[in-house]
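If you read the sequences in order, they're chains A and B.
Counting with numbering that gives the first Met the number 0, you get residues 0 to 310 for the letters of the first sequence.
Counting with numbering that gives the first Met the number 0, you get residues 0 to 237 for the letters of the second sequence.
Hints are computed from structural coordinates only; laboratory data are not their basis.
Please read all numbers here as calculations on a predicted model, not as lab measurements.
Backbone N, C-alpha and C define an ideal beta-carbon position, used for all residues, glycine too.
Some hints could be false.
As the list claims (entries may be wrong) - Not the full set, but computed from the structure, chain B residues with beta-carbon under 10 angstroms of chain A:
#1 Gln44
#2 Pro55
#3 Ala57
#4 Val79
#5 Met204
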Amino acid sequence: MKRLGVLLAVAMVVSLATGPAGFGMPDTWIFVQLRLPRTLLAAIIGAGLGISGAAMQGVLRNGLADPGLLGISGCAALGSVIVYYWGISAYFAPALPLGGMAGAMLGAFALMHLAGRRPSVASLILGGLMLSSLAAALLSLALTLAPNPFALAEISLWLMGGLEDRSLLHVALAVPPILAGIAVLWRLAPGIDALALGEATAASLGFPAAKSLVLCGVGVALAVGPGCAVAGGIGFVGLMVPHLLRPFFGARPGALLAPSCLLGAGLVVCADVAARGLPLLVPTAAEPRLGVITALLGAPVLIAIARRGNL
Amino acid sequence: MIGVTNLHFSHGNTAVLKNITLQVAAYEFVALTGPNGAGKTTCLQALAGILPGGKPDARRVAYVEQGASVSWGMMRVRDVVQLGRLPHGDDAAASVARAMRLCGVTTWENRPIAQLSGGESRRVMLARAFAGDPAVLLLDEPVADLDPAAAHNIMQVLAGFAAGGGTVVAVLHALDLACTYANRMVVMQAGKIVADGTPVQTLPMIASVFNMRLAVDSTQRLLPIATTPNPKDGLHGY
């Protein structure tokens, strides 16, 4: 736990010191307006994604649960696209994270309804697949209906996830709801521990499954939705983090929540540093998208999980 | 002490429990038996307070569901047993250690639960129930898939718990074990309690609901066979 904290702190310092001009401390304006918001957003969004993955895996009792893989991030993206590209957020800034949250909340409850109370791997994947294809289809529909012809290029880039040019306003919009979501999910620890013993036993221990499901749905929506609205799609973090932690912290689902928060934050900060650092090593036209980097990291982990038969 | 009074329960239009009244006191070890579909599991869940509208008394009553297992096979035995402390919100190491010793699982405490055999993990789930220091144990078929030695072992632990002032209600199909260890038998059929008494008192009704012949020997032990008793063997048939 302490080591995870150190890892996160080191990653954040490196992130604050890395920019297109190379490694080193920038002047105050750049630091406050560019690097600080970027680092803070990466950390808080990663923390929200990490704890959401751990909470969903605990509640659904399935190691494949992840907000991105199962379409909840897609629904959050849809919600934010609706408010952003149709101009609602121009008049009322908090509409952006609210849209993301509303989309994520709808997605979370739709998924739990589609997959059932104790989903098998197949029903979970099918439910998530349905949800993410539906979200993708509605996203394309929203795009075709969008009034701005430049929206298409802009949104496809945004959907790949990224944190460049985010301001302290974005931090102010995203941090409070994500912190609230983390606080909700934090309280889920005894509930998901009890659920490891089955629904009837969990109820007899005083932790009914229905209550944990609702807490998880609300918490994930708050913790994932605003991040998605501000930074686009950053996938695989919630899936990877609990699997990476189980060998060190044991498999008790409640014990993984706090470390998943820290490692999720550290992972996204590192991925964002990599996104900025790559153009320094290899000359590229633009920096690689953050969502692409997390996907490149996450896909092999998913394959490793599947090969071990550890679903 | 635990009980339900005049309880009715339906799944949709199907009545599962019809006017059930069952009170169980300390020092009692009740074997709940009856044909499949008689409502035994639902009755046990009603006692546990986990049917819709019920309220579990989690600190005092421990419930172990049928075929209880753990979703995360990599969890270590000790961590599983510790889940029994959830209603108390602590991890009283002494209670956990005592529960593991009582159920004979201490030697595997660091092994992942998935590596244990069916009988071994059944004992871990029982230790989980004991870890909460309950006054009442509600167990749904605790010895269903155990070998005879392991089954006797668990029944002895349960009988010892009742003898020490605890209350045990266990759904049991193994009538010979029930007769040997329980001091009260409750027989259910089609959602009703049709017999309630000492094992010997209820044997005629058990024979009737299962539609089979039973025999006890002179020490009132049930013979685990269902044949016509021969009076020359000193067996008494029901």
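Tested hints:
Nearest Cβ of chain A to the Cβ of B:Gln44: about 7 angstroms, under the 10 angstroms cut. The hint holds. With a least beta-carbon distance of about 5 angstroms to chain A, the hint placing B:Pro55 at the interface is held under the 10 angstroms criterion. A hinted interface residue such as B:Ala57 counts as satisfied when its beta carbon comes closer than 10 angstroms to some beta carbon of chain A; here the least separation is about 4 angstroms, so the hint holds. Contact between B:Val79 and chain A, as hinted, is supported at the beta carbon level, the nearest pair being about 8 angstroms apart and thus within 10 angstroms.
The beta carbon of B:Met204 comes no nearer than 28 angstroms to any beta carbon in chain A, farther than 10 angstroms, and the hint placing it at the interface is violated.
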